[in-house]
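Novice: Here are the chains, one letter per residue:
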Amino acid sequence: MKRRWAMVIDMDLCTGCGACVAACVAENNTPTVGESEAGKGRLMQWIRVVRYFRKEEHDETRAIYVATPCMHCEKAPCEIVCPVYATYHDEDDHVNAMVYNRCIGTRYCGNNCPYSVRVFNWWDYKREKPLDEQLNPDLTVRSRGVMEKCSYCIQRIRRGKETALKEDRPIRDGEVLPACAQTCPPGAIRFGDLDDPESAVSRMMKDPRRFRLMEHLGTEPSTVYLKKMRGPGR
Amino acid sequence: MTRNAIASLLALVALALALAVLFPTHSAAAPPEQPIRYSHKVHVTDYKLDCRFCHVYAAKSASAGIPSLAKCMMCHRTIAAERPEIRKLAQYWKEKKPIPWVRVTELQEYTYFPHFRMVSYGKVPCLTCHPGIDRDDIAVQRQEFGMGWCLTCHRGRGVSIDCWTCHI
Amino acid sequence: MLNRRGFLKVGGATAFAALFGGCERLPKTLVPFVVPPENYALGESLWYASVCRQCPAGCGIVVRNSEGRAKKIEGNPLHPVNRGKLCARGQAGLQALYHPERLGKPLKLDGPRGSGKFREIPWEEALRLLMTGLASVREEAPGSLLMLSEPMRGHRNLVSARFMKAFGSPHRVAWDPFGQDVHLAANEAAYGVRDLPEYDIAGTRYLLSFSGDFLETGLSPVHFGHAYGRMRAARPTVRGKFVHFGPRLSMTAASADAFLPVAPGTEGFAALGIAHVMVREKLTPEAAGAVGLWNAGLKEFTPEAAGERTGISAADIEVVAREFGANQPGLAMAGDAAASCANGVFNLSAVGLLNLLAGNVGKPGGISFPDRLAAFRKYGAEAKLLLPAAESGYPAVRDAVERMGKGAFRMALLSGATNPAFTLPPSLNFEEALLKVPTIVSFASFLDETTSLSDLVLPVPTFLEEWGDDIAPAGHGGDAITLGQPVVTPFRDTRSMPDVLIAAARELGGPAAAALPWGSFRECLDKAYAGMGIDLEEARRNGGIFSGKAGASRPTPKAGSPALPKAAEAAFAGDPARYPLVLHVYPSIALSDGRGANLPWLQELPDPIATAVWRNWVEVGPKTAAALALSDGDGVTVSSPFGSLQAFVFVHPAIAEGVAAMPLGQGHTRYGKYAADRGGNPYALLPASVESATKAPARQSTRVSLVKTRMKGALVRTVHPEGQWLYENIL
Amino acid sequence: MKIENHLSRLDESKLYDELSRSNLPATKRWYAGTGALLLVVLASVAVFVYMMFTGLGVTGLNRPVMWGVMIILFVFWVGLSHSGTLISAILRITRATWRAPVLRGAEAMTALALMVGGLYPLMHLGRNWRFYYILPYPSERQLWPNFRSPLLWDAVAITTYLTGSLLFLYFGMIPDLAIARDRATGWRKKLYTFLAAGFRGTHEEWRRYHVASTLFAVIIIPVAVSVHSIVSWDFAMAMVPMWHSTIFAPYFVAGAIYSGIAGVIAVMVILRKAFRLEKVLTPDHFDNLGKLLLTFTLVWGYFYFSDYLTAWYSRFPEDWEVIRSYSGHYLPLFSLLVACNFLIPFPLLCLKRVRQSIPAMFAVSLVVNVGMFTERVQIVVPSLARRNDPSIWATYFPTWVEISFIIGSIAMFALIYVIFSKLFPVVAISDVKEQLFHTTDRTIGGANLSTVVSGEGKEEGRET
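As you go down the protein sequences, you meet chains A, B, C and D in turn. Counting with our numbering, you get residues 1 to 234 for the letters of the first sequence. Counting with our numbering, you get residues 235 to 402 for the letters of the second sequence. Counting with our numbering, you get residues 403 to 1133 for the letters of the third sequence. Counting with our numbering, you get residues 1134 to 1597 for the letters of the fourth sequence.
Warning: the hint list may mix true and false statements.
[Said to hold, decoys possible] Taking CB as the label site, the calculated pair distances span: (1) 284(B) x 510(C): 55 to 65 angstroms; (2) 1127(C) x 385(B): 30 to 40 angstroms; (3) 385(B) x 1315(D): 54 to 64 angstroms.
[Stated by the list, open to error] With a Cα cut of at most 27 angstroms, we get these calculated DSS-like pairs of lysine-lysine: (4) 294(B) x 275(B); (5) 780(C) x 55(A); (6) 960(C) x 129(A); (7) 166(A) x 322(B); (8) 1322(D) x 1424(D); (9) 519(C) x 786(C); (10) 357(B) x 161(A); (11) 55(A) x 166(A); (12) 305(B) x 166(A); (13) 1025(C) x 129(A); (14) 1147(D) x 1555(D); (15) 1485(D) x 1161(D); (16) 929(C) x 960(C); (17) 1161(D) x 1424(D); (18) 780(C) x 567(C); (19) 161(A) x 129(A); (20) 275(B) x 2(A); (21) 1114(C) x 1075(C); (22) 1075(C) x 507(C); (23) 305(B) x 2(A); (24) 780(C) x 808(C); (25) 519(C) x 129(A); (26) 275(B) x 322(B); (27) 275(B) x 357(B); (28) 929(C) x 786(C); (29) 161(A) x 294(B); (30) 765(C) x 510(C); (31) 357(B) x 294(B); (32) 507(C) x 126(A); (33) 126(A) x 1075(C); (34) 507(C) x 519(C); (35) 684(C) x 1114(C); (36) 701(C) x 960(C); (37) 960(C) x 765(C); (38) 166(A) x 75(A); (39) 166(A) x 294(B); (40) 129(A) x 808(C).
Keep in mind that the hints were calculated from the coordinates and are not lab data. By construction, the Cβ of each residue, glycine as well, lies at the ideal position given by its N, Cα and C atoms.
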């Protein structure tokens, strides 16, 4: 069963709280790196909530939050440059896949991602015992020297598929959610199958506020955004 | 030695190396020292027990699972209770201690192998991946699970050979 | 994926051994069960419902248990407070469970008092020490036993209250630095109800927030966050508008349609300015009828006057007032920064006045006071003990500190995460006073600044390992009781405080044993809920009792006749010449009052505004920074008349000028290696002063000076200070 | 020109001694110097092993600057390697007669610089021990590498070029090896006998040699051009601001040849000094090389400027941010680059006095190579540090690990060059002889002239 998973991030609802970041870290076994490593720009979180400042009318400075997971581009720049196919397009789910045991760490994909969502395992990140008891058994704990990035929680997609398979039914819309979308308090992150015209994301795709990051690059991201609105008046 | 001899020797070595890379050997390792000399042959070949009678999770879960002590005792309370190996079993049961079986079948690391998909949906016979285990007195692994071996089967059955099917 | 029904099918509490070790290497031996537990399927996860206690909001959670280990916490979709959602702190609860520095054995002081040096002792010895102490205190002077805890709810509170009462000591003090005293007092003044209200954010059309950072650190951030999302998007034709007044552009303010920076402590004047316009222009029926209010002095509070005090333009106040009047139901909320000024009650009452003038009390999209007592009528006078205790307890704490100093206590029982040695102003000399108590026993999971002072530390389970119940302070109409259960086998050799108290009472005998007549805390809970006519197992599977049938709200006697709150000015300690800036402190979203500081996930969660990790900072506006010759990233010494610390400067482009803002939570000296030595503790800058009407702590009441200082290292920010202005580049 | 001691007047054996001085038995000083170089190289190898076992965290790399010193070194050394091709092949085809003494040194530089440069992409891998995943071979996994990836093209191109240039070097050396064979004793005799492959200097052998070497020169030029084009495509094919440029291929080739010529000049100065080749390598040679360098200063300058033109016309904001950083955070780097690559060498090389002065040429060649190294830094680092997404901008500075790689790469190059020149004739003896063959004293009328017969049979006369 082929699917076209997509994520819609409503910037009008995103409050910037960072629950998605923590949920992702908990779900995907991403390590914490500590202050000095963070200072070098080596945070390992797969989704980041970027706070931009903008000067707006009345000389007001406003903050705007851009939650940035992997865009899962349909024409992903990272895929073509990997010499060993460690990252490639998963045709079953239309997501941009990353296979850790094939990766040799050229970091070319990281360079070629205009959204800079790929992170590299600079070290073997040790989890102090017994913090490692929390590690999610559904996916690999990555070792030194490989790239990693948001997978749209492929292990949760798989769990959803397996549950549906066992119950002999198709996957329902909203049944499969990545950890970030599951936890987002205001519900700013939506996830679903674009091939299903009735799904919530398919409907949201028709929203006139829809845009994609760096659209002029032609990467055709599967993660799309809905513009932040501003109420009328003062 | 003539030049030709050297050349043909080199060619042979190269061929052997290439073959070794292409077709890894399938030799079975020596049977491990198990806490109880459990025989698959007796249970499967002689008494015609279904694999899933003991490995209950194979049909519904990723791991096939090793039967619990209670499962063994279901039959062995009465059947062959006086044999020395069964006495050992009974001793474990008496002490309520789990049996520390030695792992026989090793799957490659970083691989997801959902038994239930193969067993319940793929209808792959158990012996495809565990050849000869039904005739083993002490189980050994006869099939190394190289990726090429998996792929050949996947290709033949027309199921997904996407990397993420098995590696996430 | 959490299958909505999936976890419901699963049985209640559980206890089973771990099958496999880590998941990095294949184990060499396979050890099957002797007898497999019920509902068990190898490799399949089980989901257990419980309650989150990472903050006082009381969200319902479901926890994924895989092979005996908790792997992931998610919101309980059935729970009315959080509707399946969870915040970052809730997610990080797992790290508290598996924290390497978590106490797993009772500790006995092994060095000078207060040194924080302990050695591990067996539980039997620890309990003997506890019992010897308790017995001798009860023998000689039962009133000299002090219990200092965080505010507790549900039956844990009942157990400790009954224990102390039966023991014969009236000194049961609960300290919460972010208590809602001012909110309660203002509600009493404005509506005639001394209780926490329900804000129907989801149903409102126009939301006014006065320093109310409800999306990040307020009463119930996840509930409000969820409601906020619905306010914006759940109605097909209405997108609720949100205007924020406050001293700094906080995360919540960033979500607002308009952010109007006001000077700290002037929120009440801004609200009165709006009220003035509403009444003057008769924008709502209630406002049109409020002639008495006008004559009582509201006419003095013109937008111009308000603008002068607050620093925003009168035109803005008028526009907001008209929009608020025209878009009903509207809602006005105030938050901690407005409440913790010296004039907090004035600020909050003035905001309450707006709700009255909008006529939204008791209406959808407005404010209401649910009757939370209804579920516990059978407890009579004790019922209140089960409900959320919103007070800070500051007067009682101060009183207790004074008594401690005088040597009035022979034994102190400490518990909870509010860590008074860290969160109380230094001028109270809490540490010194506490050490005058001869015997200090702590119930704790971690050695924080307070616990380290004890003579005996009794390790307690985390919220993921113990039984409990909880009544959330916001997010339901008094119809939700959350039930907690262990979602994993207790990971360390711990005993919960209620269990220890029940056991102690049994051993003490007499009235204590009679007051706590249970074998264990679980039995107490089972008995309590058995009588409620529900299937307790089912309720535990669901995570609580959510009838969905809220009773009638409490009446609001004063709503009909709004009174003008008595105007009061905020006061700031320190000579303005020497301390030119007003200090604004706010709880950090990740670390809260400081309790989250030992969890690496939370330390590494970028702050929503400064985007900094692992350290704190001081925010000043660009003009203020220029006047002080400071630039972004400089090290400064922040000094108040009460203390000083060092921090890096973050030039915040949208903060009221003349204000220096600091997040609370960092600056631990103990509390483990992840928390300790990460910048200074801003609580140490604060005076012991109080809000004038309620005696609650007034945190926003001092001035500070910033002096450039050479500091090692740099503030680690996850967004580039130059790049943060280039949003257009990513479009 | 005075040629009292003109080489052509030396007899065969004298000439050989003169030109093969590098092959004399090693002295203590040689051992000391080589030992020192070896120590530096070993230290650098130790650092690499340390990095391999701890992780790339020991470098200054981060997100978004995921490529750093190791890639810069790769591009730099591959660039340097373009000297041999140019000097040897192009000059051979164009029959520039002054090329003979420079030939061997330049060709050796090509092969050896490529050996050094080729190591760095492997060292830079996160999992070096899995480098063979990149090789196209039939594996048990039934997986092939991705032929769309420029890195794979890179691997193919570098391997091809290394093989080609090694063969080119070896092939050109066969007649010299034959001479050496005839004169050497002991193990050297065995070595040279093996390597000379039975070359005896018959007419037929020489004829074949000439045809083959011309053919080889013609083939190696497109390979050289394609190699640096492909190296440039590592960048140009990527979606990184200021990398994604159509002009990158010729720009990189020009830059490579530019730095290659400068490298040859520097190496020639050192060889001339070390092996007392003053009679072979005359200021005229340096004058000629200087003219070449001057030409490529201008060619490089033109391409560098054109690169900005494309950015200027496309007006992408992400390109602008990178260019803006040249005048901000990376101003020192940018200034150094422009100064060393253009502002300093251009006026100096215009002066014949400078071109004829060997110390001055040495200085200029070093300046150009510093400049070209800086240029690689400027291509790799600012573009990554100012990525499309401005929120994750970062800075990059190499750590001691990477700095030790820079030092180690120079030491390694020097070490293998020293060993090469100890083992093999570092001056193309037969080419020099060939040139000398054409240079004979002839009596024309009453004057005694040293004349050079050019390949085409034209004569140019020189008064003695």
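Novice: With reference to the structure, classify each hint as holding or not holding.
Specialist: Now the hints, each set against the structure:
Distance hint check: the CB atoms of residue 284(B) and residue 510(C) are about 59 angstroms apart, consistent with the given range 55 to 65 angstroms. Roughly 51 angstroms separates the CB atoms of residue 1127(C) and residue 385(B), a value that falls outside the hinted 30 to 40 angstroms. Against the hinted window of 54 to 64 angstroms, the Cβ-Cβ separation of residue 385(B) and residue 1315(D) comes to about 59 angstroms, which satisfies the hint. Taken as a hint, the residue 294(B) and residue 275(B) pair is honoured in the structure, with Cα atoms around 25 angstroms apart against an allowance of 27 angstroms.
The straight-line distance between the Cα atoms of residue 780(C) and residue 55(A) is roughly 58 angstroms, outside the 27 angstroms bound, and the hint therefore fails. Pair hint residue 960(C) plus residue 129(A) does not hold up; C-alpha atoms about 57 angstroms apart against a cutoff of 27 angstroms. Annotation: proposed proximity of residue 166(A) to residue 322(B) is violated, straight-line Cα distance about 38 angstroms (limit 27 angstroms). Of the pairs offered as hints, the one joining residue 1322(D) and residue 1424(D) is violated, with about 40 angstroms between alpha carbons and a cut-off of 27 angstroms exceeded.
At most 27 angstroms may separate the alpha-carbon atoms for a hinted pair to count; residue 519(C) and residue 786(C) exceed this at roughly 39 angstroms. This hinted pair checks out: residue 357(B) and residue 161(A) have alpha carbons roughly 18 angstroms apart, not beyond 27 angstroms. The straight-line distance between the Cα atoms of residue 55(A) and residue 166(A) is roughly 53 angstroms, outside the 27 angstroms bound, and the hint therefore fails. A C-alpha spacing of about 25 angstroms is found between residue 305(B) and residue 166(A), which places the hinted pair at or below 27 angstroms, so the restraint holds.
Note on residue 1025(C) and residue 129(A): the hinted pairing is violated, with a Cα-Cα distance of about 48 angstroms set against a maximum of 27 angstroms. Under the criterion of a C-alpha separation no larger than 27 angstroms, the hint pairing residue 1147(D) with residue 1555(D) is consistent with the structure, at around 19 angstroms. Restraint check for residue 1485(D) and residue 1161(D): not satisfied, since their Cα atoms lie roughly 39 angstroms apart, outside the 27 angstroms limit. Restraint check for residue 929(C) and residue 960(C): the C-alpha separation of about 40 angstroms exceeds 27 angstroms, so the hint is violated.
For the hint linking residue 1161(D) to residue 1424(D), the alpha-carbon distance of about 38 angstroms lies beyond 27 angstroms, and the restraint is violated. A threshold of 27 angstroms between alpha carbons decides the hint, and for residue 780(C) with residue 567(C) the separation of about 19 angstroms falls inside it, so the pair holds. For the given pair, residue 161(A) sits about 33 angstroms from residue 129(A) by alpha-carbon distance, which is inconsistent with the 27 angstroms threshold. Between residue 275(B) and residue 2(A) the CA atoms are separated by roughly 42 angstroms; this puts the pair beyond 27 angstroms, and the hint is violated.
Distance hint between residue 1114(C) and residue 1075(C) is fulfilled; the C-alpha atoms sit about 19 angstroms from each other, no more than 27 angstroms. For the suggested pair residue 1075(C) and residue 507(C), the alpha carbons sit about 19 angstroms apart, so the restraint of at most 27 angstroms is met. Between residue 305(B) and residue 2(A) the CA atoms are separated by roughly 40 angstroms; this puts the pair beyond 27 angstroms, and the hint is violated. For the hint pairing residue 780(C) with residue 808(C), the CA-to-CA distance comes to about 40 angstroms; that exceeds 27 angstroms, so the pair is violated.
Under the criterion of a C-alpha separation no larger than 27 angstroms, the hint pairing residue 519(C) with residue 129(A) is consistent with the structure, at around 22 angstroms. The suggested pairing of residue 275(B) with residue 322(B) holds, with an alpha-carbon distance near 19 angstroms, which does not exceed 27 angstroms. The suggested pairing of residue 275(B) with residue 357(B) holds, with an alpha-carbon distance near 22 angstroms, which does not exceed 27 angstroms. Proximity of residue 929(C) to residue 786(C) is assessed by CA-CA distance (about 19 angstroms); at most 27 angstroms being required, the pair is judged to hold.
Under the criterion of a C-alpha separation no larger than 27 angstroms, the hint pairing residue 161(A) with residue 294(B) is consistent with the structure, at around 14 angstroms. The straight-line distance between the Cα atoms of residue 765(C) and residue 510(C) is roughly 56 angstroms, outside the 27 angstroms bound, and the hint therefore fails. About 13 angstroms separates the Cα atoms of residue 357(B) and residue 294(B), which keeps this hinted pair within 27 angstroms; it holds. Taken as a hint, the residue 507(C) and residue 126(A) pair is honoured in the structure, with Cα atoms around 25 angstroms apart against an allowance of 27 angstroms.
A hinted pair counts as satisfied when its Cα atoms are at most 27 angstroms apart, and residue 126(A) with residue 1075(C) qualifies at roughly 16 angstroms. Of the pairs offered as hints, the one joining residue 507(C) and residue 519(C) holds, with about 14 angstroms between alpha carbons and a cut-off of 27 angstroms not exceeded. Among the hinted pairs, residue 684(C) with residue 1114(C) is inconsistent with the structure: their alpha-carbon atoms are about 59 angstroms apart, more than 27 angstroms. With a C-alpha separation of about 21 angstroms, the suggested pairing of residue 701(C) with residue 960(C) holds against the 27 angstroms cut-off.
Note on residue 960(C) and residue 765(C): the hinted pairing holds, with a Cα-Cα distance of about 16 angstroms set against a maximum of 27 angstroms. Annotation: proposed proximity of residue 166(A) to residue 75(A) is violated, straight-line Cα distance about 33 angstroms (limit 27 angstroms). Between residue 166(A) and residue 294(B), the direct Cα distance comes to roughly 8 angstroms. Compliance with the 27 angstroms bound is thereby established for this hinted pair. A distance of roughly 44 angstroms separates the Cα atoms of residue 129(A) and residue 808(C); the hinted pair therefore is violated under the 27 angstroms criterion.
Hint compliance for this structure: hints 2, 5, 6, 7, 8, 9, 11, 13, 15, 16, 17, 19, 20, 23, 24, 30, 35, 38, 40 are broken, all remaining hints hold.
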